[in-house]
Each structure stands twice: as structure tokens, then as C-alpha cells.
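Chains as they are written, first to last, in our numbering: chain D, 1 to 115; chain V, 116 to 228.
These aren't lab readings, by the way, just hints derived from the structure by calculation.
Where a beta carbon is used, it is the ideal one built from N, C-alpha and C, also for glycine.
Check each hint, because a few of them may be wrong.
[Said to hold, decoys possible] Which chain V residues face chain D? A few, computed with CB under 7 Å, are given here:
#1 Pro155
#2 Gln157
#3 Gly158
#4 Tyr161
#5 Gly165
#6 Leu216
#7 Phe218
#8 Lys220
[Stated by the list, open to error] Keeping only pairs whose Cα atoms sit at most 25 Å apart, straight-line, the calculated PhoX-like set for lysine-lysine is:
#9 V:Lys220 <-> V:Lys118
#10 V:Lys220 <-> D:Lys44
#11 D:Lys17 <-> V:Lys220
#12 D:Lys38 <-> V:Lys118
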Amino acid sequence: DAMVIQNPRYQVTQFGKPVTLSCSQTLNHNVMYWYQQKSSQAPKLLFHYYDKDFNNEADTPDNFQSRRPNTSFCFLDIRSPGLGDAAMYLCATSRGLLTTNEKLFFGSGTQLSVL
Amino acid sequence: DAKTTQPNSMESNEEEPVHLPCNHSTISGTDYIHWYRQLPSQGPEYVIHGLTSNVNNRMASLAIAEDRKSSTLILHRATLRDAAVYYCILRDDSGGGADGLTFGKGTHLIIQP
Numbered sequence: 001d002a003m004v005i006q007n008p009r010y011q012v013t014q015f016g017k018p019v020t021l022s023c024s025q026t027l028n029h030n031v032m033y034w035y036q037q038k039s040s041q042a043p044k045l046l047f048h049y050y051d052k053d054f055n056n057e058a059d060t061p062d063n064f065q066s067r068r069p070n071t072s073f074c075f076l077d078i079r080s081p082g083l084g085d086a087a088m089y090l091c092a093t094s095r096g097l098l099t100t101n102e103k104l105f106f107g108s109g110t111q112l113s114v115l
Numbered sequence: 116d117a118k119t120t121q122p123n124s125m126e127s128n129e130e131e132p133v134h135l136p137c138n139h140s141t142i143s144g145t146d147y148i149h150w151y152r153q154l155p156s157q158g159p160e161y162v163i164h165g166l167t168s169n170v171n172n173r174m175a176s177l178a179i180a181e182d183r184k185s186s187t188l189i190l191h192r193a194t195l196r197d198a199a200v201y202y203c204i205l206r207d208d209s210g211g212g213a214d215g216l217t218f219g220k221g222t223h224l225i226i227q228p
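Chain D extracted, bound-state conformation (with noise of 0.2 Å):
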């Protein structure tokens, strides 16, 4: 059974429309990840909520926000995507903040399209 699921699989969006991608968690873990990764690339990471905590990574785009309304889901929503935004969207989790014994737990991913 799938424990970090996102949806949907694939998101076709224009230039410029808001779209949300969605991810939930079945693991009750606290914290989760927003990932980037785009064609041939390595994933990158956006930004990470530790329970209600927001963090982003400094060169993270001011297009891009998150949203965690509560432990099981999280949101990313882009305000108005560019042609370079088409990307695969990997959202993961962890128990907590990654000492030695914990892992990343991800998602099958959202491959968003703009078109």
C-alpha cells in the first residue's frame, strides 16, 4: 500500500495559471519535503515543513509556496508557472529531522506539464 501518495500523476497546466499539486501521508510522520526534478536531473529540494514549521531552501523561487493543513497533507502550489517549471514534483516524508537511522520516504511523484 502506497504510504506517501500524490495526485494526480500527471498535471497538465498554461503559462501563467495557478496549479496545486497535492501529496498525503498515511506514515504520520512529521516532516515533509517538496522536491523539484526536472529531465536528466537530479531531484532538488524546494523546501520542507517540520510539522507546522516552514523551511525553505535559499534559492527556492518566491513562485513556488507550500501549504500543510494538517500532519497528512501538503501542498504546492506554483502562482504562475513558466515554461522551465515543467518538471517531475516529488513530495517525500521523514519520522522526524534526518539523524542516522532515518530515512525519506517518497512519492511516486506529479510530472507537470505547461504548456
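Starting from the structure of chain D, add chain V where the hints point.
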């Protein structure tokens, strides 16, 4: 953050062992070596991690050099389902813990039937 160097791609035959190398010459004493893999059209998944000693689990083995400047992920009997990108990642697990993983380019493992 200490960097890792991995070959861009490797090829192996099905049912043979695979040795995936990773160089990390600037590793610090508190860096753990983590391996994740990403199957096609999937998110990454945890494979194994270690600090100094060799480690084994049901997925793979991790051999760590005595000076810790390199390590090798060993798949004992590769199957077609092991075709993936394998990421070697250093993570400083000291203090309160790291707040995320930083992925490098990884090794694209191709398995031939």
C-alpha cells in the same frame, strides 16, 4: 557539503553481481554514506547506509573503504528490476539531524537480459 563522484552510467548482465562505486575524498568524520535509487517514473527509495563498517540488508551490501574516501554498493544478483539511477549521498547526521537530502547526479545502471 562534502561531494560524491559516481560514474554516469554502468551496464551489467542479469543475475550477475554489480559493484557501484562512489568516491567521497572530502568526507568528514560525521558524514554517513547513504544510497538511494530511483526506478523509472518513480520517486527515490532508500537502499542502505553506513558509517565505517560494511553493511548488509536484504537489498544490497555497502562496502566502505578503510579511509572512508570511497564506498561501493553491491547488488549481489542483479535483476531487470534493479535498473535505476543509484545515488550516493553524504549526510552529516551529527547534532539535531539534517533537514533534507542533497542528491548528486547518480549512476544510471543498465541491466542486460
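Which numbered hints fail: Of the numbered hints, 1, 5 and 11 do not hold.
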